[in-house]
Amino acid sequence: MANTRYDTLNAKIATAIEERPQRDQLYNAMKRARDSRRSALEALPGGAGFRKEVRQIKLRCQSKADDLVDQFVQNLEKRGANVLLAKDGAEAIGYVLKLAAEKGARTCAKSKSLTTEEIEINHPMEDAGLEVIETDLGELIIQKVHEKPFHLVFPAVHKTAVQVAEIFRRETGEDVPNDVNEIMKVVRRYLRPIFMNADIGMTGANVGIADTGAIVIETNEGNARLVSSIPDVHICVMGREKIVETCDDAVMMLLAHPISAVGQHTTTYVTFQAGRSPLGYGEGREPRETHIVILDNGRTEMAKDPLFSDALNCIRCGACMNICPTYGVVGGHTFGHIYPGPIGIPWTSEVHGLELAGDFAPLCISCGLCKEICPAEIDIPMMIAGVKERDAETHPHPRVNRFLMDAERGAKMGSMTAPFSNWAMRNGAFRYVMEKVVGIDRRRDLPVFRRKTLEKRLKRRGPSPVKDPKRKVAFFADIFANYNSPELGMAAVEHLERLGCEVVYPEQVASGYPFIGYGDLAGARKTARKNVLLLKPWVEKGYHIVTTEPTAAYCLSKSYPKLLDDDPDAVAVAKQTTEFFEFVDGLEEDVDTTLAGRRFGFHIPCHQRPLGEGGGAMAFLRRRGAEVEVIETGTCCGMAGTFGLKAGQLGYELANAVGEPLFDGFRESGVEAIVTESSVCGIHLGEGTGIQVWHPLMLIAAAKG
Amino acid sequence: MPSDIVTRFKEKYEILAGHVHLCATVEEAAVRAAEICSESGAEHVVVGEFADGLAEPIVSGLDSAGLDVAGPDFKASEVPAAIDRADVGVSGPAFVIAESGTLVEFATNDVFRLVSTLPRVHVGVFREQDLIDTLKESGPRVKAYFDANSENATVTFISGPSRTADIEMKLTLGVHGPEVTHAVVIEA
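Chains as they are written, first to last, in numbering that gives the first Met the number 0: chain A, 0 to 704; chain B, 0 to 187.
Do not rely on the hints blindly, as some may be mistaken.
Stated by the list, open to error - Chain B side only, calculated, beta carbon under 8 angstroms to chain A, not exhaustive: (1) I4; (2) R112; (3) F145.
I should point out that these hints are in silico values taken from the structure, not numbers from a laboratory. Every residue gets a Cβ at the ideal spot worked out from N, C-alpha and C, and that includes glycine.
Sequences and hints are given; from them, build the entire structure.
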């Protein structure tokens, strides 16, 4: 398993996990951003519905990007702006350096611009003798210690007040106390003369408006206002994907950015700048210029790539970072190159190279939450799978990932060789060897394998006893309910039959989500095609595909159509697929109150977030008299399917670091047991909390004795 | 009782740490603006542009309170220093968004932008009729302004004081721009 690349990443993860209080600070910051977003959306008319509008706008504008760039440039020039279409960073930097030399500029005050970070413009400017000062406080802090942004929106979120005070003591020679308010007073005194005296002001742009010839810059601090109004020369460096068509489009982006990032309704200052205004009147009036550098740097190529073009819809809000479970532990220096976090993986791959992206891509555990929070509904996990797949051509998948992608083969074998396989799973020496050879952590309490799988049991039982069914169901078991817990599968089937459904067990293969998670899209497509082919005849006969495993429901209904380019059969299967309790929700009428007086903590598996968020299962429990409370941190539990089964940092250790706050939440809640539908989340939560974990159907079965 | 839209604006603006003053008439608003300056301990006040009919009464209100009022016709050679020296900037937004607590400033000279950026305190004076409900409704107004000004023009949305939370996510006001912002609403 020699792989120095993983050794480097593992070492970084190990350090990040140990690093306190930074790790807690990062976790709290991310949680606060998530929570604020959620409450802001509750107050926003239409709630998260704005995401659809944002996506529509981005797709429309990307589809005619070349025309919009032309229109934007024409309108900018009409307003007296100088425009450069830069094919790459070198061209952009060359233009800026030449301009600075012509103007005899000595200082450049910058407001935050990720695009200038992308092309790393500060170093060549400094080498040319310019003093370059970042005026966004977070950027200024990391500039002073020569670091890269830790987060898109909070670049210095990993620094403590004590560390920042030390930075400004060094910088100003003043005695700066370790207190945020006192530091801020020093910063104001430090920055004001920089704003007043800069020769060049440099900004990015959050949006460019084609039909108006205006750039739009958002800052909470107001620093972009100062650097774009005081210096005689203003330079804006922006990516060409930021151009939208109209002012209305721009306003939608202004809503989407801050609400997604931090739950703010609008950013405190939003500047729409068209051309360059004079400063003052009459005598002493200097000519003032604006230069708009529109950067390509791989974006045009990206637009042609069917998978990666989606990354151009990114509006740089940072929400994917806020919700990403592993980013929330390790931060942007481990989870990122220059662009951090989930969206940083495809962006790094496209603008800084596949190799650099592959260095941190394994940190994505494919929980899919970034896709659910993204204001432009970008399928980030699928693009990351694409990065992992391309990267595997030069850096083959580690053995454990290959083993887990082919989990069904292992399950079949385990099932065939049961009970021997189960004895082996409980044998310390065998588990030690399995950890060393396969890479499955020996501490994990793995589920047993059953010789009589659900498939065998149903075959032996014969056809469904239900005549004149209310509904017809084709049951999709995936791995757990077939090989590990056929009791769960049977309970589901019998429950459906009691509700008057005819149930069949169609030929099927496991959903194959691990292929996406570990980055083998060819394998994922093959599995998807196979299942679609097998399930299609049932769908055509009016059967509903029902599954107890949330990830299987997600895979069939969300991933397959995407993998198979919206193939009509895949779409038909997707439309007919329902998670068990969502399906049952409309069918149950009179139930007993088996669970009266009992109180449970409910865990929502990530893949269930877009599938009703466990509403069906909770209603199922509540109908039976239980008190059910969702316990959550707003992100993943850390298990992420099979990720947490793996030995090492990229597995067990990181899974537990992610899970800790959730484990605490369950322990502090005082609930008698945890209920979740996911087999793997259940293992993780049980081990992490020491609390009993139930699948809702198994809970009912146990309660009834 | 203030109208619904004024109430919505006030609630939101106060959440953003801004101060709201409701006045029945322009004259009352002029007096209130001068009081805010005095209460802020201001000596030097700079003024920017205002909606029609507001500039004259507001500026004379400030003058008669004995404040040193400068602007908005600064010579190019005296700015930005003359604005940076001021303790308070007073100006009027073109329109205001209730939903987000946003004062929208139109400018074709950067003097007006600096009046609301450099001084520690900013006072925005506007009439109730210039309030609109939602952020989404602002697009056509922004567009119309840019269409009417075919060369340089700047539109700025300002929602409360300058804020940063870049150290330990602790919110701090006024590190870069104004620390205190006031909205004076004329309900007549």
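Here's how the hints hold up against the structure:
no.	hint	in the structure
1	I4	violated, 15 angstroms
2	R112	holds, 5 angstroms
3	F145	holds, 5 angstroms
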